[in-house]
Amino acid sequence: MTTGPIRVLVVEDDPVAADAHVMYVDRVPGFTAVGKVHTGAQARHVLDRTPVDLLLLDLHLPDTHGLRLARSLRAAGHRADVIAVTSARDLAVVREGVSLGVVQYVLKPFTFATLRDRLVRYAEFRAAAGEASGQAEVDRALAALRAPGPAALPKGLSAPTLERVTVTLRDHADGLTAAKAAEAVGISRITARRYLEHLVEAGRAARAPQYGAVGRPELQYRWVKS
1 MTTGPIRVLV VEDDPVAADA HVMYVDRVPG FTAVGKVHTG AQARHVLDRT PVDLLLLDLH
61 LPDTHGLRLA RSLRAAGHRA DVIAVTSARD LAVVREGVSL GVVQYVLKPF TFATLRDRLV
121 RYAEFRAAAG EASGQAEVDR ALAALRAPGP AALPKGLSAP TLERVTVTLR DHADGLTAAK
181 AAEAVGISRI TARRYLEHLV EAGRAARAPQ YGAVGRPELQ YRWVKS
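Heads up: the sequence shown begins at 1 in our numbering, then just goes up one per residue.
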């Protein structure tokens, strides 16, 4: 086990999300992003040449499923742990991942605080060493990986409303304004904008000004492909 920063390889097919994940990793003390790749083949190439402790792994890659990649890496002797970063909510996939070194799942969209919590917990688990004095110490080591409860959203935001805004944005491939999102979801424009900005911060949405015939431009929000 290394004594320096925990080396993380970001494996994410979407360039915008990959950049955000690298930035998030580098903001957590004790972690460093050693690179980012967008396919399973690129991940194998890096792992054959660069020491990596942890994969931040999207499960839906253009050339393979993330768990298939994890399985092939184990067979090839790579021992890096895996935090799966995915929008997939299939619990059968979660169970399969446990046997392949997936130590955490982070569901998209997520905030920096959510990923930071998972990384800090992973670091605590990784730091456990030596011989356990008994069952309680083993339980404490394993408990370090478990979050105490659902990851907290910023104050004033709720998970059900975030889900509705997310679905609405994903259903509008051409994007939509906060006013249009508010109308579709049944909330105020100001509230809709808060949720949309949260999705932007999480790397799951992008915004750009929309210029009309007169007046100030409105911000147009678009879903970032998972």
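Do not take every clue at face value.
Simulated crosslink set (DSS-like; lysine-lysine; CA at most 27 Å straight-line) [unchecked claim]:
1) K180 with K108
2) K108 with K155
3) K155 with K180
The hints are simulated quantities; they were obtained by calculation from the structure and are not laboratory data.
Structure-based check of each hint:
no. : hint           : verdict
1   : K180 with K108 : holds, 23 Å
2   : K108 with K155 : holds, 19 Å
3   : K155 with K180 : holds, 23 Å
The earlier numbered hints are all upheld by this structure, with none contradicted.
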